[in-house]
Amino acid sequence: MFSRSIPGKLRKIVGRDAVLDRPADLMLYEYDGSLARGAPQYVVFPQSTEQVSELVKFAAREGLSIVPRGAGTGLSGGSIARNGGIVLAFARMNRILEIDVPNLRATVQPGVVNLELSNALAPHGFYFAPDPSSQKACTIGGNVAENSGGPHTLAYGVTVNHVTGLEVVLPDGRIAQLGGNAGSAAGYDLTGFFVGSEGTLGIATAITVKITRLPESVATLLAIYDNVQNAAESVVALTSAGITPAAIEMLDGWTLRAVEASVHAGYPLDSAAVLLIEVEGLREMVEEHAEAIQALCRKSGAREVRVARDETERQLLWKGRKTAFGAIGRISHSYYVQDGVIPRTRIPETLAKIEEIGRKYSLTIGNIFHAGDGNLHPLILFDSRDADQTQRTLDAGREILEFCISVGGSITGEHGVGMEKQDLMCSLFTDSEREIMLRLRQCFNPNSLLNPEKMLPSPRLCREAVSPGHASLG
Amino acid sequence: MSSDTPTAGAAGHDRHVLEMGESHFAGPDRPSWDLYATCVHCGLCLNHCPTYRALGMEMDSPRGRIYQVLQVDAGRLPIGDSFVTHIDRCLDCRACETACPSGVQYGHIVERARAQIEQHYKRPWPARLVRSIFFRHVLGNPVRVATTARLLRLYQRSGAQRLARASGLLRLLGMSEVEALQPTIDDHFFFDQIGKVFPAEGELRARVALHAGCIASVAFSALNHATIRVLTKNGVEVWVPPGQNCCGALQAHAGFREEARRLARENIAAMLDDRFDAIVTNAAGCGSTLKDYGDLLHEDARHERAEAFAGKVKDVTEFLQHLGLRQPTRTLNLKAAYQDPCHLAHGQRVRSEPRDLLRRIGLKLEEMPNADQCCGSAGSYNVTQNELSMKILDAKMKDIATTSAELIVTANVGCMLQLRAGMKRIGRLTPVKHVVEVLDECY
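Sequence lines, in order, name chains G and L.
Following our numbering, the residues of the first sequence are numbered contiguously, the last one being 474.
Following our numbering, the residues of the second sequence are numbered contiguously, the last one being 443.
Hints are computed from structural coordinates only; laboratory data are not their basis.
Note that the Cβ used here is the ideal one computed from N, Cα and C, for glycine as well.
None of the hints are false.
Chain G regions said to be covered by chain L (calculated; three or more residues, Cβ under 8 Å):
#1 71-77
#2 86-92
Far from chain L, some chain G residues (derived; all Cβ distances over 10 Å):
#3 Ser-48
#4 Leu-97
#5 Asp-100
#6 Asn-161
#7 Lys-210
#8 Thr-239
#9 Glu-260
#10 Asp-270
#11 Val-305
#12 Val-307
#13 Pro-343
#14 Lys-353
#15 Leu-363
#16 Asn-447
Full structure from sequences and hints, please.
In structure tokens:
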């Protein structure tokens, strides 16, 4: 059979030790950080842009789809090869190509780990601002695909606000430069369009990012509440007062107890919610803002506000937040994390709704928010061996997102749509909005060679998904 | 069984429910669902794993190895060549445990996986023979360890070694790198000291039992003597209780858990005694296993004795720092870098104590990047997986080269040998010492 020679041809492009085709190896690429599963037919480890271009041309000839993969930490199934085909794993394209401090930029290959870029910039007094909670493992290529954010999104924006140029390989194998010139404002913003496209437009092979000066001073505060309502009021009070903290994170009582058991970050076990608030900037401003924040939080009902006294305490408070998802693993073997967005003024009612949904489906749901920008991460606990519980979990997750849409929010803040929330795109966008997106995708990726069946739903799926209840939303 | 073809589901798409088929695991030391399913495959461990960093493949990552264990348990993957290759390649350095937010006990998982491999997988006969001789018949038997050491000493001193190295014979056999890692065998073995008691100097501050170790007793006697000197000079009475044996670490790491259990029981019988404030070791690898006797013997009727034993074990650096060093008689004005032994930093969470001790005697400590990344020594790993081990070592030497350290300090003999071999590879003369040796120079 002809397909027998495919691995041989792939090896010719990338080298003998850079292709996987045995089932026992391929099954290790059927998962990522999400619940989705799907094994590719081949996994290929390119080492250069030229190889990526050759691979794409080859795949097009053979009619094989291509799914790019960074570290596989994604939470929406973006790197899952749901139609088989080739997974392009970027683990070996992980070099920092240039650090250009005077021009405040760095250029990296897509497989560079987010935190390693910041570590390399630290001696120069800079860092890469987008800080997903998985930053010690996730790659910048993946951040570009998913337009990742993190706790500090509130002040600094998400990945798209930090990418100035891209070298991309298009589905026909052409290599294109998007943006990249200093101060480029001419023409359409293709760089901005590409970031967050979840691998459906092209494959980024070099990424130029803005670098950000490390702040002179940072203050981290922990505000403790006896009820969630007050915590939510504090968030609104802070943003209304014109103070923009670098981050405002919220953990509900159930979640903070789970985290405390593994990290011992000092979160009080008897509280109903905590806010982790950070301000940074010039020393005087930070001190002033920290005091104002304490006063505002107390006024809106905080039982206590603690300020981290030193870097160790600060790191510990953050460790609790950054490792929160994993800490849930101590309690439940599987969890489903959602990524809804709501206007921050709607936090209290949304939390009440989530609690109600948990009761309805008999599931435990913990809540972690990037509260400052209304980005929720409800964590639904379940046992993946139990088919009924798994289905209830998926249904509950869906219902939470539908509620987010109904209060004027969205189905993803930073994890992407991937393959798990496509049907919700039908409710979020109108037919004509989706059609524009489909046509834009077709300009780049006409035959759906790249990451097929991701992000944008097929018109047919939407026709099937739209029930009378949803029709009014779309 | 050696077929690697997964039996079902490789092309299953969008599966959310895990189908548990008939497990390929059987017999004692099965990795249980409760143990491995704490992994939520978030991937935060990946970049902390030396083999993932070196190879970039999911199969050689902690998450991937746990997934393979799950697939074997679910009946989708046989205990065949592929599974064995990737489980063998693990250093068991447990850096992933430090990185893991879910508290996955990876070391327990991989050691059980290896115990299953020993029970259900037939290695090629030369490997089987060598492993059986080494893990079943030599280690754990002080007389045979001594005999083997004498033979090795004969090779080293008779001129045979010089001949083998000079003639290119070793290179021809592909053994030159492995051969270079062997320790120099002592003239006098530490086994002679077992049963002795060394009195404290000055006021008696504590009484401890020293676990001397098996390979340490034939190749690092001087380090054991230095350990005793530093302890006694700090007011500690040191017993070297008779009846003690090898700790069983290498056996447990290799999947010979029954042998490890036998040794654990011997050590508990010999050393668990109310008179001792602590059971002290100078080898991070031994300490980590000694502290884990509770898990190793959790099915024993008297497992509470194993727990009690484990609770008393202290690394010598941990013990000394908590005791508080007496004023040293001299200080060392040098720039030094400390390499965390994996089984101290990740296995025992001891990181600050050795550094504090080194600062106390005047050393200016400079942190190397990735100080808690494995050097590739990992017990017998540098022999069994030499090529990968050297790749990991080279990355370590690059990190060391970014410092201006005049002295490299670590707290485990395996790491010392590996780092010394690394220095030779890059043609540097920077000395590599154990924390205790450096302390010994100051009393």
